Amino acid sequence: MAKIKRVRAHRSGRRVFKGVIFLLITGAILGVFVYLPFMTLMKINLVGATYLTEEDILKIGNIYIGEPMFELETDQITSRLSKDLRIEEVTVRRNLPHTLDVTIKERTPVATIICDYGFLDLDGHGKIIDSYKNLKVMKIPMITGAAVHDKYIGDEVDDKLVQEILKFLQKINAESLNKISEVAIISEDYIVAYTNTAERAVQIRIGKLERLEEKARLTEDFLKNLDKNPNPIEYVDFNYTAPFIKLAN
0 MAKIKRVRAH RSGRRVFKGV IFLLITGAIL GVFVYLPFMT LMKINLVGAT
50 YLTEEDILKI GNIYIGEPMF ELETDQITSR LSKDLRIEEV TVRRNLPHTL
100 DVTIKERTPV ATIICDYGFL DLDGHGKIID SYKNLKVMKI PMITGAAVHD
150 KYIGDEVDDK LVQEILKFLQ KINAESLNKI SEVAIISEDY IVAYTNTAER
200 AVQIRIGKLE RLEEKARLTE DFLKNLDKNP NPIEYVDFNY TAPFIKLAN
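In numbering that gives the first Met the number 0, the protein residues as written are 0 to 248.
A portion of the hints provided could be inaccurate.
Claimed, not checked - Straight-line C-alpha distance at most 27 Å; calculated DSSO-like pairs for lysine-lysine:
(1) K104 to K150
(2) K58 to K126
(3) K159 to K132
(4) K150 to K126
(5) K58 to K104
Calculated directly from the structure, the hints in this document are not laboratory data. The structure presented is a predicted model; accordingly, all values stated were derived computationally and were not measured.
Produce the complete structure using the sequences and hints provided.
What follows is the structure in structure tokens.
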């Protein structure tokens with residue numbers, strides 16, 4: 000019996016030893032596999048972004064090209080991205096062997112305005128969602144004739160006239176909004192927008208900030224059909240019940 004027990008103990012010890020060796024070898028293989036060059040981050044697949052770029056995502060998420068894929072903490076990256084006011088919703092997933100999928104829903108900027116230190120992007124409620132020193136190429140209009148002071152990202156612009164302009168712009172669809180380069184405050188009762196058409200800017204005389212729903216709808220229709228008009232237009236005036244179009248000479 001003692002001999003049989005020694006044999007069993009010997010076999011059991013061999014099994015444990017083989018198991019340990021197997022685990023060590025497997026761990027080594029996995030370690031080598033994980034840190035091979037083709038298992039490092041080489042690309043950000045950014046979905047849903049209109050204004051944010053891959054470079055923005057890398058900076059906000061504290062992500063570096065060349066990082067080992069399995070060292071990327073997707074929960075932490077998601078948390079960092081979610082804290083950016085420009086991002087409303089975000090999901091982050093590894094896409095092996097070398098891609099990080101980032102799907103976002105942006106807070107939509109509707110206008111840019113000048114501030115003390117550069118420019119601010121505003122959403123439809125006047126919340127500042129981005130700031131920068133040098134003017135960027137943006138597909139949203141610039142509000143001129145007003146400036147913002149002592150405001151920063153996360154603050155809200157409380158100027159009543161600017162707020163009314165933002166309400167007007169928010170009612171215009173993205174396609175039409177992208178065709179407006181500027182909204183100028185000439186006076187409190189006289190607001191003018193300009194198109195970004197290549198040949199010449201067309202003036203859209205909005206006038207008083209009243210009948211916003213109607214004027215937004217008229218602006219959309221006008222911009223939608225602007226390219227189809229065979230005659231060059233100098234301005235369109237929405238101050239009247241029936242819009243007035245002045246042809247260029």
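In ascending order, which of the hints set out earlier in this document are inconsistent with the structure?
none
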